[in-house]
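S.K.: According to our numbering, the sequence shown is numbered sequentially starting from 204.
A portion of the hints provided could be inaccurate.
Claimed, not checked - Computed cross-link-like contacts, DSS-like style, restricted to lysine-lysine with a CA-CA straight-line distance of at most 25 Å:
1) K570 - K612
2) K347 - K447
3) K246 - K221
4) K421 - K437
5) K614 - K570
6) K348 - K443
7) K211 - K246
8) K383 - K447
9) K211 - K348
10) K610 - K570
11) K348 - K381
12) K381 - K447
13) K381 - K443
14) K416 - K381
15) K218 - K391
16) K348 - K447
17) K218 - K246
18) K441 - K211
19) K381 - K305
20) K218 - K439
21) K305 - K246
22) K447 - K421
23) K441 - K391
24) K211 - K383
25) K221 - K439
26) K347 - K443
27) K443 - K421
28) K421 - K391
As the list claims (entries may be wrong) - The following label-pair restraints were derived from C-beta to C-beta distances:
29) N289 - V491: 35 to 41 Å
30) Q210 - G254: 22 to 28 Å
31) F636 - S541: 19 to 25 Å
32) G254 - H213: 38 to 44 Å
33) D394 - F550: 56 to 62 Å
34) A582 - S541: 24 to 30 Å
35) D355 - L555: 55 to 61 Å
36) C242 - Q210: 15 to 21 Å
37) S573 - I395: 56 to 62 Å
Bear in mind the hints are in silico, worked out from the structure with no lab data behind them. Where a beta carbon is used, it is the ideal one built from N, C-alpha and C, also for glycine.
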Amino acid sequence: LFDIANQKAHIFRKKYLKKYNKEPGWYAAFYYDAANVACEAMKRAEIQGRGHIRRDRREIKKALESMYSLDTGIQGVQGYIYFDENGDSNGPLGIGFYWNQKLLPAFSQYHLKTIPEDDLENGPVGKVLSGEFVMIGDRVMSNKKIVYVGVDINALNGLDMKNLTYYQTDFYLWFRYKGKINGADNIKFADIIEPVNLGNPVSERKYGDITIKTYHVKTEFRGNFDFHDYPFDKHKLKIKFNHKNITRDNIIYVSDILGMSGSEKKDSAIETTDVTGVQGYENIITNVSSLGIPEYFHDRKILNYSQFCAEISIDKDSTDSILRYFLPIIIILLVLYSIYFISVENFFIRLLIPISVLAANAFYHVKLLSDLQVEYITALEYSYFVIYLLIVLGMALVLIINNRLKKEKHKTIKKLLYVGRIIHPLIILISGFLLYF
204 LFDIANQKAH IFRKKYLKKY NKEPGWYAAF YYDAANVACE AMKRAEIQGR GHIRRDRREI
264 KKALESMYSL DTGIQGVQGY IYFDENGDSN GPLGIGFYWN QKLLPAFSQY HLKTIPEDDL
324 ENGPVGKVLS GEFVMIGDRV MSNKKIVYVG VDINALNGLD MKNLTYYQTD FYLWFRYKGK
384 INGADNIKFA DIIEPVNLGN PVSERKYGDI TIKTYHVKTE FRGNFDFHDY PFDKHKLKIK
444 FNHKNITRDN IIYVSDILGM SGSEKKDSAI ETTDVTGVQG YENIITNVSS LGIPEYFHDR
504 KILNYSQFCA EISIDKDSTD SILRYFLPII IILLVLYSIY FISVENFFIR LLIPISVLAA
564 NAFYHVKLLS DLQVEYITAL EYSYFVIYLL IVLGMALVLI INNRLKKEKH KTIKKLLYVG
624 RIIHPLIILI SGFLLYF
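Work the whole structure out from these sequences, hints included.
M.R.: Rendered as structure tokens:
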């Protein structure tokens with residue numbers, strides 16, 4: 204159940220998806236953990252590959268036997284891995300239920316936990332009675348509450364290309380959980396321009412012991428957009444938040460994939476832009492702090508928080524992009540191409556064309572840099588560079604042909620014109636192919 208897995212599992216899943224382009228199964232996770240445990244055992248046994256292999260195997264076995272508790276084991280994709288007196292590794296299992304043929308995490312999950320020294324002195328009895336801890340033999344397990352979160356986008360207004368922000372994100376946000384969770388909606392948003400107070404829910408319903416709270420949110424977020432493919436760029440806008448003070452040991456935000464299933468395609472208020480999908484998932488963010496406790500001054504405490512992320516995919520209208528951005532480029536290229544068909548005696552007209560094209564191309568180039576203030580070259584800017592190259596080529600041919608005209612080398616001039624007529628469209632086709640792929 205990757206929805207409630209640890210940070211190592213999230214990293215493993217991302218790398219697996221990138222390499223194989225599909226979700227990893229349970230067997231992939233188990234083999235990955237087995238390989239990691241084997242490598243860790245060889246590292247602890249300090250195997251050098253010298254001497255008899257049986258001695259190395261005995262040392263590896265001793266290293267595996269030394270992994271007998273949470274402190275001596277290693278953290279894998281499935282959680283902490285260690286072995287009992289029988290050589291078994293019995294980690295906690297994720298509990299789920301099926302709904303509409305989808306396996307979803309149960310509202311309560313119990314995971315192995317190490318008890319800090321101050322808790323050992325006071326005894327975990329109080330937390331066991333409250334249901335926060337569960338003791339099975341000598342094992343202590345913490346109760347993690349699962350909160351299902353959903354986002355439904357109403358409108359996205361005012362995408363600002365200069366400031367790389369998107370304004371007035373209007374959406375519904377809901378929380379669904381079981382039992383009593385104090386402050387499940389006590390959250391803070393990331394990349395937000397001004398702090399948001401959720402206020403009172405627009406809807407609050409109960410189905411038995413399950414509570415659903417829905418909020419209507421209008422706010423502004425900062426965006427980190429990638430314009431390398433501009434103007435054919437596709438953006439992913441993100442709404443991210445985590446609980447203000449409760450760590451992932453106690454609460455995990457999980458995407459409500461069933462409730463958000465209606466957000467796959469919906470029109471947006473952004474001009475010529477469509478919201479093509481909304482995908483929710485969990486991130487794990489880590490803070491390291493001493494919390495002002497002397498015991499943590501030299502060995503700082505690691506605090507993991509569950510962060511929910513709603514990723515909104517938006518696409519532009521490609522037809523509009525062609526008309527607005529590439530129609531002037533097409534006209535400029537056609538005008539520049541005309542110098543290979545004008546009579547060679549009209550030297551000044553043939554020289555004036557590339558100069559005029561240079562001025563027009565520079566104007567659109569500067570306008571692009573002014574409208575889109577990024578530190579890298581975009582696809583549209585590469586088009587302007589290709590035009591600069593064609594301008595240099597055109598001017599060079601005009602000057603060479605004029606020189607050959609004075610020497611009355613008409614055959615050479617005819618060949619140069621044919622070369623220009625072929626090279627000009629060939630450069631455009633090659634450049635267009637490279638930009639497309």
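S.K.: Hint by hint, which ones does this structure get wrong, listed from lowest number up?
M.R.: Per hint list: 1, 3, 5, 10, 15, 21, 24, 30 and 37 violated.
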